[in-house]
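Here's the letter readout for the chains.
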Amino acid sequence: MKRIAFYGKGGIGKSTTVSNLAAALARKGFSVFQFGCDPKADSTINHHGGKRMDTVLDVMRRGDDNDEAGFIYKSPLGVYCLEAGGPLPGTGCAGRGIISAFEKVDELKIYEKYKPDFVLYDVLGDVVCGGFAMPIRNGYADQLYIVTSGEMMSLYAADNIARAVKNVGKTGYAVLKGLILNKKNIEGEDELTRKAAEEMGTKVVFTIPRDKTVQAAEALGKTVVEAFPDSEMSRLYMKLAEMVAL
Amino acid sequence: MSYIPCEKLKKRRVVTSHDVFCASHCAMDVALEELWRLDDVNVFVLGVGECAFYSGKVVFEPPRINRSYTLTDREIVFGDMSAAAAALADVCANGLTTVCLVTCVPSVMNPDMTPLEEIKGAVVVKTPDFEGISPYDIMGKVYKSLLKMTDGPKSGTAFWDGRETSLAALRKKLSAATHIVNNRDFLPALSEIGGVNVIDNVNIHGIDFYNENAAALGLDKARLRRAAEIACRIAEKRKPVTVMGRSAYGVAAFLRSLGADVRAVCFADYNAVSYLACRNLGNVAVSLDYADPPPDGTTLLDYSSADGELAGKNGFDKLCAALNHTEKSCL
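Going line by line, the protein sequences match chains A and B. Mind the numbering: the first sequence is residues 1 to 246 in our numbering, read in order. Mind the numbering: the second sequence is residues 1001 to 1331 in our numbering, read in order.
Be a bit skeptical, because a hint or two may be false.
[To be verified] If you only want the chain A side, here are some residues facing chain B, beta carbon under 8 Å, derived:
| id | residue |
| --- | --- |
| 1 | Leu57 |
| 2 | Met60 |
| 3 | Arg61 |
| 4 | Pro87 |
| 5 | Thr91 |
| 6 | Gly92 |
| 7 | Cys93 |
| 8 | Arg96 |
| 9 | Gly97 |
| 10 | Ser100 |
[To be verified] Covered stretches of chain B, as calculated for chain A (at least 3 residues, CB under 8 Å):
| id | segment |
| --- | --- |
| 11 | 1074-1080 |
| 12 | 1109-1115 |
[Said to hold, decoys possible] Here are a few chain B residues that sit away from chain A, every Cβ distance over 12 Å (derived from the structure):
| id | residue |
| --- | --- |
| 13 | Thr1070 |
| 14 | Glu1164 |
| 15 | Asp1208 |
| 16 | Pro1295 |
| 17 | Asn1314 |
Because the hints were derived from the structure by calculation, they are not lab data. The beta carbon of each residue, even a glycine, is placed where N, CA and C say it ideally should be.
Start from the sequences, fold in the hints, and give me the full structure.
Here you go:
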């Protein structure tokens, strides 16, 4: 089982990238889990026609958490989806919520039961407290990718995450594999990102061009890989899957 | 730590040695034991297992209630305080004022406490141990929540020394026109009261303060003269000094008010009050460790051997004791 965490600034396209990667891996015949770690719980919606699904914490709040039936959904392409969820905005403790969701998955021995080849953690952009560092810190993920564009704020967030990983890097922590450039088509974006990666002590390992197919698929509530399997973008996500699977 | 400018003093706990500071109480525990003395108050501790374990050891005589509520993982994650509010309402049903002490974990969560605050007779106070410089600082906040000024005519003088055994007796004092505060726990509550005369007799002040308030504080003029004489003798030597001992910041204020060149202070009683006193003193180096050698070029006025004696004294009495020892050992 390979466990990979994806971090990056909010709105940069993490969930789109992770969803398409998950779909591509599933299409290649792998068993894949996509675990959304954002209290907004919108990581996996494009596997479900754009509909929000019940989260681990929704189910825990209701007390129906004796098994995973209430919070694990299988997409048409076979991706197992789950969302940690969180308390209502402005209440409770979202960080503790993430930890509770991870503990619930452990308690129910979900990975032992489903034996996935890949677990992809889609984590919100700002690692605001220890709860959101769970995927990279507590032995849950082996590898970490940062999704970024060439915009300054996005690179700044990427640098923060990279530094966090480097500063606390020790046994049990995820290893930073590199940046995935999700292009916004700003001037000199490739070069800017390459230089920033160099300063972070890493490299740009994959580039995703800006393409209307992505928005068209999302309008259908689907991943590109599912909605337009023969498109150039779908082929690109299959390539990303090959790289990640190596 | 070595001497640092008072502007760089941090408002946080300083633990120079865990051998010395072991077994210090947490803020909730300090508040609970203080409230135990007031025979018309319930306590409701909102926290986690350890808070309940320790608070349960303090026995309240019926009809008073000392109850704790242990938060579950779900309540922490979702911030749902409805069950805690129901438990608090149950305690309040005996008609006594119930102080809800909110400990560290719920304070970090910062949940909406409105459902608890709206319960008749409940007074909700956040008492996280990490908040104060000293766990004893929390009492200022607790009394501030319990003692709200009421309208109505004010007359007479009230002495706030903390000897009362009921909240009713404390609240009755709020009708006084002059408040002489001999216990630092009451300073935050009373210092915010407008329209009345509040005299801080906890801290040591400059000579002008004692001249102005001599009558209200019942000061013995002969003692005041003698204190001034010692301070003047120190000032006449025209040498920079470091003052070392309990409440050195206050003694320094008094010496300065009579012309002494106080460059540094060293004391061990660091808390919210001494922090503010140091900041107000200004232009002085501060150390919280008696082992630090005084700054170069200063003469040490060391009365630290009398710290035990000074611990039981307030304001002017403390000043006199400190100056007597200073005279004996240093002049």
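Do the hints match the structure? See the list:
no. : hint      : in the structure
1   : Leu57     : 7 Å, holds
2   : Met60     : 7 Å, holds
3   : Arg61     : 6 Å, holds
4   : Pro87     : 5 Å, holds
5   : Thr91     : 4 Å, holds
6   : Gly92     : 3 Å, holds
7   : Cys93     : 5 Å, holds
8   : Arg96     : 5 Å, holds
9   : Gly97     : 4 Å, holds
10  : Ser100    : 5 Å, holds
11  : 1074-1080 : holds (count 6)
12  : 1109-1115 : holds (count 3)
13  : Thr1070   : 15 Å, holds
14  : Glu1164   : 39 Å, holds
15  : Asp1208   : 50 Å, holds
16  : Pro1295   : 37 Å, holds
17  : Asn1314   : 42 Å, holds
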